[in-house]
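A.B. asks: Protein chains in written order, with this note's numbering: chain A, 1074 to 1493; chain B, 1074 to 1493.
Just so you know, the hints here were simulated from the structure itself, not pulled from any lab data. Take these hints with a grain of salt, some might be off.
What the hints assert, rightly or not - So the derived label-pair ranges between C-beta atoms look like this: (1) B:S1469 - A:A1420: 21 to 27 Å; (2) A:R1265 - B:A1299: 52 to 58 Å; (3) A:S1158 - B:R1153: 54 to 60 Å; (4) B:P1416 - A:R1305: 51 to 57 Å; (5) B:G1401 - A:A1299: 56 to 62 Å; (6) A:Y1465 - B:P1294: 36 to 42 Å; (7) B:A1076 - A:K1443: 51 to 57 Å.
Said to hold, decoys possible - In silico BS3-like pairs for lysine-lysine, Cα to Cα no more than 30 Å straight-line: (8) A:K1434 - B:K1252; (9) B:K1479 - A:K1470; (10) B:K1470 - A:K1434; (11) A:K1279 - B:K1252; (12) B:K1279 - A:K1477; (13) A:K1385 - B:K1470.
Remember, predicted model here, so these are calculated numbers, not experimental data. No residue lacks a Cβ here, since even glycine has one placed at the ideal position from N, Cα and C.
2 protein chains.
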Amino acid sequence: MPARNAFYAQSGGVTAVINASAAGVIETARKHKSKIANVYAGRNGIIGALTEDMIDTNRESAAAIAALKYTPGGAFGSARYKLRSLEDNRAEYERLIEVFKAHDIGYFFYNGGNDSMDTAHKVALLAKEMRFPLTCLGIPKTVDNDLPVTDNCPGFGSVAKYVAVSTQEAAMDVVSMAKTSTKVFILEVMGRHAGWIAAAGGLAGKAPGDAPHIILFPEVPFDEKAFLARVRDSVENYEYCVIVVSEGAAYPDGTFLAEAGTRDAFGHAQLGGVASVVANMVREKLGYKYHYAIADYLQRSARHIASAVDVKQAYAVGAAAVRYALEGKTAVMPVIKRRSDSPYRWAIEPAPVARIANKEKKLPKRFISKDGFGITEACRRYLEPLIRGEDYPPYSKGLPRTAKLKYVPVKPRLGDEFMI
Amino acid sequence: MPARNAFYAQSGGVTAVINASAAGVIETARKHKSKIANVYAGRNGIIGALTEDMIDTNRESAAAIAALKYTPGGAFGSARYKLRSLEDNRAEYERLIEVFKAHDIGYFFYNGGNDSMDTAHKVALLAKEMRFPLTCLGIPKTVDNDLPVTDNCPGFGSVAKYVAVSTQEAAMDVVSMAKTSTKVFILEVMGRHAGWIAAAGGLAGKAPGDAPHIILFPEVPFDEKAFLARVRDSVENYEYCVIVVSEGAAYPDGTFLAEAGTRDAFGHAQLGGVASVVANMVREKLGYKYHYAIADYLQRSARHIASAVDVKQAYAVGAAAVRYALEGKTAVMPVIKRRSDSPYRWAIEPAPVARIANKEKKLPKRFISKDGFGITEACRRYLEPLIRGEDYPPYSKGLPRTAKLKYVPVKPRLGDEFMI
């Protein structure tokens, strides 16, 4: 069988290490030129396939592809673009197949989260139905760590390391000045529905009294009274209180704290910033001096403090996806299996994308302390290996170097304009 | 002359490298035991002297003191506590001298900003008046970089590196998803009166169109119309817009943007968060999807990404202060003099604390681009050497290691309780 081309696309929120997965795909494909002639990367993810806007990665040097391993963001552009169901928008799926046919694309690598695995699954089904030979592989990626089946998700280890390090550092700042200055510090982190990232803040605390003193998880309905009592206890016992709050922290009725009604001068509802909501509560009910930080995109782009384990795993799932494809496996995603906590041992295995699509793995109860404000030892054993090791990017003039790509476009063959 | 003791205190907001200055003081003093018998560190800064609450640093191992070089926060506690004028509160100054007498303290090292240099100056004056032989040395420290005379301030280089790196990383995240997601990203940084930290964000941009596209300085009165036009231009030309905003950004009448009137659900004015004010402006006037991050204490405690130049200078000013003291210099502070930009060369010189006390050095006009939204090449030449080099702390289990001190208290000799 002559070599065919591969299509690779990044999907959804990017991570500090998604480009390491891209490097894993491209470098592994380059070792099998007899089967994969070229990897075309979608510009802006799947939109690049729909609009025939693809990047010819064969035109990129080996050094540039290797540099992807330390480049944050999505090197080819990612997209928040979910293909609708086959029934609702068959035209889009057919368009994908049409573009793949026109460019002799026999391999589809989709690097994303739950939604993307759903898309990979549907594309595989439709290709089969249309009798177009296409090998569809999912590649896991999400800072949220909420994919089922896999022990953890590439992208999470690095955000976890960022949050744990930042919590430890900020806590040392706060405690050293608590006598005469800020007593309560709040760090807002990502995680709309699952508290994995917030839990990682808990790694900073090793002994009783250590920060963080409170973690607010989306999985634990917010109890204002218990929360304020805990803040007061912490300030009274330790002179300060460090709080890590997930953006998804919510009241028992499901309303996000962040939606809880701050209004601007014009009376417009103001969204976002659960940290400021919590801070106001502390100020109004307890009167302590506070500060808050919102990590936002800094946390998921912080390649400078990436976890070495995470970088390695992100690369490994990209490389494994290509190997599986070459073995003829389709509609699968490489998942990470944990063999042991200490020493930390892991392996990569294939799992059907259908098992991963549209499912969300929340923080299990056994990972949350009884009072709901902290993590358990079991959680610590799970999280700790994922933030191990530093994988520093090279620097130039004080700033991290990043991949310089040529972005040579693949010549369109269909020519028509597809409206998305 | 028999050896006497030294008193060392940290003052005001801490930095990622203030403990490197402490290490410089203690390690240098240990080399001159015949003159400095012991360094007593004030617990919670100057409050520790007033309340006779001091830490015996002779009880700390060489390894623990060396570890201060990579430990953020204020290892002995810092304080936001400004001694009033000599006329208003002579008792406090006299108490200081009394404590120094009781513990045979002949050297006073005060590690802080403008206020602290004022205190060092006054203590020197009073000691002279009271004929108590005391050598008073200031040691510069401030993330704000606003001390006069010195070319730059220890603590600033590291926060500058953090802000430059974070701006670069977050920008790569935003640009890769701008097609279908966030178009405007806002990073709020410190700097209530001077825009040095915000300016550091400008280092991330090297070519036209690079982020950050807009910097809002305290030195430039905010012009909403010009700002919004620039945001629109940036999104239209580059598909995204990254904004670095100083917490001190203000309207022409001096009102901080952060005070500009957001109210909570109960109608209470909500302070803080200039980023959210700017974000709301963008949403209401332009309708772009936005995100914002507030770096807050993360930026000044981020020892994990400290500038190697900054760490070296922080240590050097501590060491120089001890050398000056041993040479009999008093009421001086070691300042950093720049010999050349490229290669970057610097030296330490003494300067009278009176020249530094209570003065603020703002960003000069020639460092701000004509349109008021960026930095000039002169600014870049000034800033770049300060973020050079990485000085990583050692890690254990994925987290930075920090100094473990014994904190053995110095036995009080006065016994009475002094109310502060």
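A.B. asks: Decide, hint by hint, whether the structure agrees.
C.D. replies: Hints, one by one, checked against the model:
{"no.": "1", "hint": "B:S1469 - A:A1420: 21 to 27 Å", "result": "holds (26 Å)"}
{"no.": "2", "hint": "A:R1265 - B:A1299: 52 to 58 Å", "result": "violated (35 Å)"}
{"no.": "3", "hint": "A:S1158 - B:R1153: 54 to 60 Å", "result": "holds (59 Å)"}
{"no.": "4", "hint": "B:P1416 - A:R1305: 51 to 57 Å", "result": "holds (54 Å)"}
{"no.": "5", "hint": "B:G1401 - A:A1299: 56 to 62 Å", "result": "holds (60 Å)"}
{"no.": "6", "hint": "A:Y1465 - B:P1294: 36 to 42 Å", "result": "holds (41 Å)"}
{"no.": "7", "hint": "B:A1076 - A:K1443: 51 to 57 Å", "result": "holds (55 Å)"}
{"no.": "8", "hint": "A:K1434 - B:K1252", "result": "holds (28 Å)"}
{"no.": "9", "hint": "B:K1479 - A:K1470", "result": "violated (38 Å)"}
{"no.": "10", "hint": "B:K1470 - A:K1434", "result": "holds (25 Å)"}
{"no.": "11", "hint": "A:K1279 - B:K1252", "result": "violated (42 Å)"}
{"no.": "12", "hint": "B:K1279 - A:K1477", "result": "holds (14 Å)"}
{"no.": "13", "hint": "A:K1385 - B:K1470", "result": "holds (17 Å)"}
Of the numbered hints given earlier, the model fails hints 2, 9 and 11; all others are met.
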